[in-house]
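Got chain F sorted already, so can you dock chain P onto it with the hints?
If you read the sequences in order, they're chains F and P. Note that the first sequence ends on residue 965 in my numbering; no numbers are left out. Note that the second sequence ends on residue 258 in my numbering; no numbers are left out.
A couple of the hints might just be wrong.
Label-pair distances were calculated between CB atoms; the ranges are [what the hints assert, rightly or not]:
no., chain 1, residue 1, chain 2, residue 2, range
1, P, Leu130, F, Ala680, 53 to 59 Å
2, F, Arg472, P, Val151, 46 to 52 Å
3, F, Ser503, P, Pro238, 28 to 34 Å
4, F, Ala609, P, Asn202, 21 to 27 Å
5, F, Gln559, P, Val151, 53 to 59 Å
Source of the hints: derived by calculation from the structure; they are not laboratory data. All C-beta atoms, glycine included, are put in the ideal place defined by N, C-alpha and C.
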Amino acid sequence: MDDTVFELRDLNFTYADGTTGLRGVTVSLRRGRTITVLGANGAGKTTLFMHLVGVHRPTAGTVSFQGRPLSYDHRALKALRREVGMVFQDPDAQLFSASVYQDISFGPLNLGLPENEVRQRVEQVLATVGLAELAGRPTHALSHGEKKRVALAGVLAMEPKVLICDEPTAGLDPRGAVQMADLLRRLRDNGTTVIFSTHDVDLAWTLADWCLVLAGGRLVGEGPPAAVFRDDALLDSANLARPWVLDVFTDACRRGLAVDGQPPLTRYELLEALEQGYRCQNGRLSGPEVGKDAGETTPTGAPPGIYTLYQRPMSGAAIEAESFRRIDAEAPAHTFRAAEWAVVRRLIHTTADFGLVDAVRFSPGAVEAGVEALRRGAPIYADANMIRAGLSLARLNRVYASYTSGDVHCLVADPAVAEEAQAAGLPRSLFAVRQARPFLDGGIVLIGNAPVALLELNRMIREGEVRPALVVGMPVGFVHVEESKDELMELDVPWICVAGRRGGSSLAVAALHALAILGSGNGESG
Amino acid sequence: MIDRIAYASPLAVRHPAEKGLLVVLALAACLVARTWWVPLLVFGLMAALTVAAGRTPWPVYTRMLLVPVVFLAAGLPAVALTVTTGQTPEGRWFEVYGLYLGFTQAGLAVARDILVRTLGGVSCLYFLALSTPLPDVLALLRRGRVPALFLEILALVYRFVFVLLETALEMRRAQALRLGYTSLGTSYRAWGALLANLLLRAHQRARELFVALSLRGYDGGLNVLEAPRRLSPGNVVLAAALGGSLLFLAVTV
Numbered sequence: 440m441d442d443t444v445f446e447l448r449d450l451n452f453t454y455a456d457g458t459t460g461l462r463g464v465t466v467s468l469r470r471g472r473t474i475t476v477l478g479a480n481g482a483g484k485t486t487l488f489m490h491l492v493g494v495h496r497p498t499a500g501t502v503s504f505q506g507r508p509l510s511y512d513h514r515a516l517k518a519l520r521r522e523v524g525m526v527f528q529d530p531d532a533q534l535f536s537a538s539v540y541q542d543i544s545f546g547p548l549n550l551g552l553p554e555n556e557v558r559q560r561v562e563q564v565l566a567t568v569g570l571a572e573l574a575g576r577p578t579h580a581l582s583h584g585e586k587k588r589v590a591l592a593g594v595l596a597m598e599p600k601v602l603i604c605d606e607p608t609a610g611l612d613p614r615g616a617v618q619m620a621d622l623l624r625r626l627r628d629n630g631t632t633v634i635f636s637t638h639d640v641d642l643a644w645t646l647a648d649w650c651l652v653l654a655g656g657r658l659v660g661e662g663p664p665a666a667v668f669r670d671d672a673l674l675d676s677a678n679l680a681r682p683w684v685l686d687v688f689t690d691a692c693r694r695g696l697a698v699d700g701q702p703p704l705t706r707y708e709l710l711e712a713l714e715q716g717y718r719c720q721n722g723r724l725s726g727p728e729v730g731k732d733a734g735e736t737t738p739t740g741a742p743p744g745i746y747t748l749y750q751r752p753m754s755g756a757a758i759e760a761e762s763f764r765r766i767d768a769e770a771p772a773h774t775f776r777a778a779e780w781a782v783v784r785r786l787i788h789t790t791a792d793f794g795l796v797d798a799v800r801f802s803p804g805a806v807e808a809g810v811e812a813l814r815r816g817a818p819i820y821a822d823a824n825m826i827r828a829g830l831s832l833a834r835l836n837r838v839y840a841s842y843t844s845g846d847v848h849c850l851v852a853d854p855a856v857a858e859e860a861q862a863a864g865l866p867r868s869l870f871a872v873r874q875a876r877p878f879l880d881g882g883i884v885l886i887g888n889a890p891v892a893l894l895e896l897n898r899m900i901r902e903g904e905v906r907p908a909l910v911v912g913m914p915v916g917f918v919h920v921e922e923s924k925d926e927l928m929e930l931d932v933p934w935i936c937v938a939g940r941r942g943g944s945s946l947a948v949a950a951l952h953a954l955a956i957l958g959s960g961n962g963e964s965g
Numbered sequence: 006m007i008d009r010i011a012y013a014s015p016l017a018v019r020h021p022a023e024k025g026l027l028v029v030l031a032l033a034a035c036l037v038a039r040t041w042w043v044p045l046l047v048f049g050l051m052a053a054l055t056v057a058a059g060r061t062p063w064p065v066y067t068r069m070l071l072v073p074v075v076f077l078a079a080g081l082p083a084v085a086l087t088v089t090t091g092q093t094p095e096g097r098w099f100e101v102y103g104l105y106l107g108f109t110q111a112g113l114a115v116a117r118d119i120l121v122r123t124l125g126g127v128s129c130l131y132f133l134a135l136s137t138p139l140p141d142v143l144a145l146l147r148r149g150r151v152p153a154l155f156l157e158i159l160a161l162v163y164r165f166v167f168v169l170l171e172t173a174l175e176m177r178r179a180q181a182l183r184l185g186y187t188s189l190g191t192s193y194r195a196w197g198a199l200l201a202n203l204l205l206r207a208h209q210r211a212r213e214l215f216v217a218l219s220l221r222g223y224d225g226g227l228n229v230l231e232a233p234r235r236l237s238p239g240n241v242v243l244a245a246a247l248g249g250s251l252l253f254l255a256v257t258v
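One chain only, chain F, in its complex shape (with noise of 0.2 Å):
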């Protein structure tokens, strides 16, 4: 491949005490990439690094650096080192000059440059990482932190295409560390593919794009860091912890206080990352509209302590209105209208549940013929009391003014309905769609219970015996429930239903709802 630097095919090496460095490493390494290298105490990291740099060479397997094999004779061994520079962790192992400038200018020497071209780098290279103003003093009254900065300056001066820093903020103060960071960041946005080993998982956090992850030798883990950061086994394996901004950030998620998805960098993103999941809760994200609507069930008459204690208005608006932005952004792709993904999406806030989108199923123009209906009165059966006591009359008087409890019907609990049932052995669901003929003929129908109740409407409606304005088809379980459905769907009636096995009281009276709300002309297609 084009954009490999390094491919490490099955990389073994045992020391010459016999100490196993590494075992079957297979990797390929990316131009162009930030790559942090992770791992507890003695995992491997240095030496992987030292096979990069052809100082070792592998017991078995094949180092490839742009996709040739690398061999180990003087010239080679130089040309990959103009490429590949690399950085130790211990400044005093690299630094040799006493003089800041001689020890920097000895790498570009070595690549045989012009003194004036050296002389170039060497002040540029001191300006880029901040010790201009130390070029004249000498190597051993540096600062550990000094002394690392120079020690990278003598690599950089190189120029190379690949920098690998062995734990370049290990022993550093925090403003160092910071620095260092600071200094790695230019580097990559200048096109450097940076390797670097850390125990810091803060900084791999932040810094890096690609993360491998060493244990006692062995490749345990590789991936982007969203993916290795949030593998907590693999962590565990390798003796590492997460990065703080994730750990806040899952926690955050986990309880409400932020919304899952792609994790913050910074200690910048993840309070923006807060401050959304605090917005949503307070409903202000939804716009202009909602924050109208807020006044009806904010409780304005409640007293102020309460309300500052948990500064969390919670108006009912508020939150349907977030919950139905987060269902249109998080919804699978579909092909309803606007009215009716009105219905599907109140059935999805009602459940949370998204297989709804391939669920729910449409007779055309039954949203409108449901609407239509709703309009002029129409009487509504329902099959469960549940259904009855969960629709709300408010919500059906903004469509029609005279709806009253007298036109919600059920029948399962009528007393001349049990008798039949107990005498015919069946359910009482059955003989309650019968009971309850004269409401069905041009009426709403809301099955959200009994499949029973429904084959029977079925049978009804197919024999002429009655004609309703809307079915609302969704009963719920594992006997007869999809037969019922199937049989439902097949009609010349206006039907809406749930596919399945799903269904249930509490959707039947959310599609009623979204129906009334539809009715009311509340506008809230979208």
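Showing chain P alone in chain F's frame:
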């Protein structure tokens, strides 16, 4: 200590050739001088330059001068003293077991010459050492065609003396904190362990350094560039005039 003073000196940033010219001429003057007061003049001049212009604290400077003075104190009496079997008329003699110990005019003169030449020479070198960081001195030597290998070794020794010293001090401190030097017995053992360990560390360091250097293209030569220093013609003329007149005095008087 000397190193720190050299880096702190206001003369540190001056081109080493300026200082080198002066020192070489003054040193030559000391060596060829036929009168005793020329080296003394050199000494006075160099001491003044070191303390006044180079801002070396004078207590430090006098303490440093004690080093040659101690050697002189040990050696000069032997030079000044003449032992003979037969008295000569001049000088003062003491008879000890049939031998005569005494000071002759000539012996005292030789001792005096040695004293002033030594002080003069030492002051020249001190001036250089206390005003010129070692890398500059090396640069000067390189220009003087001293073999590169010798200079590289010098540079590496200079660099790693500090690393080794730091390591040794740290190890010694750590040993002391674990009561390594509480009795003669433990002291011997601690010293032994320290030295052995230091040797291993030095070896390890050398290997690390070799790897690090080869990654930066080491090919058998430590090629480096010195930080640019401006050669001030005025100072060169000044150094040449001063050193030249000293040499002139030494040769003619």
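Checked hints:
In this structure the hint that leucine 130/P and alanine 680/F lie 53 to 59 Å apart at CB holds, the actual value being about 58 Å. At about 48 Å, the CB distance of arginine 472/F to valine 151/P agrees with the hint of 46 to 52 Å. Under the hint 28 to 34 Å, the C-beta atoms of serine 503/F and proline 238/P, about 58 Å apart, miss the expected range. Distance hint check for alanine 609/F and asparagine 202/P: the Cβ-Cβ separation is about 23 Å, which falls inside the suggested range of 21 to 27 Å.
For glutamine 559/F and valine 151/P, the hinted distance range of 53 to 59 Å is not satisfied, since their beta carbons lie about 29 Å from each other.
Taken one by one, the earlier hints fail for this structure at numbers 3, 5, listed in ascending order.
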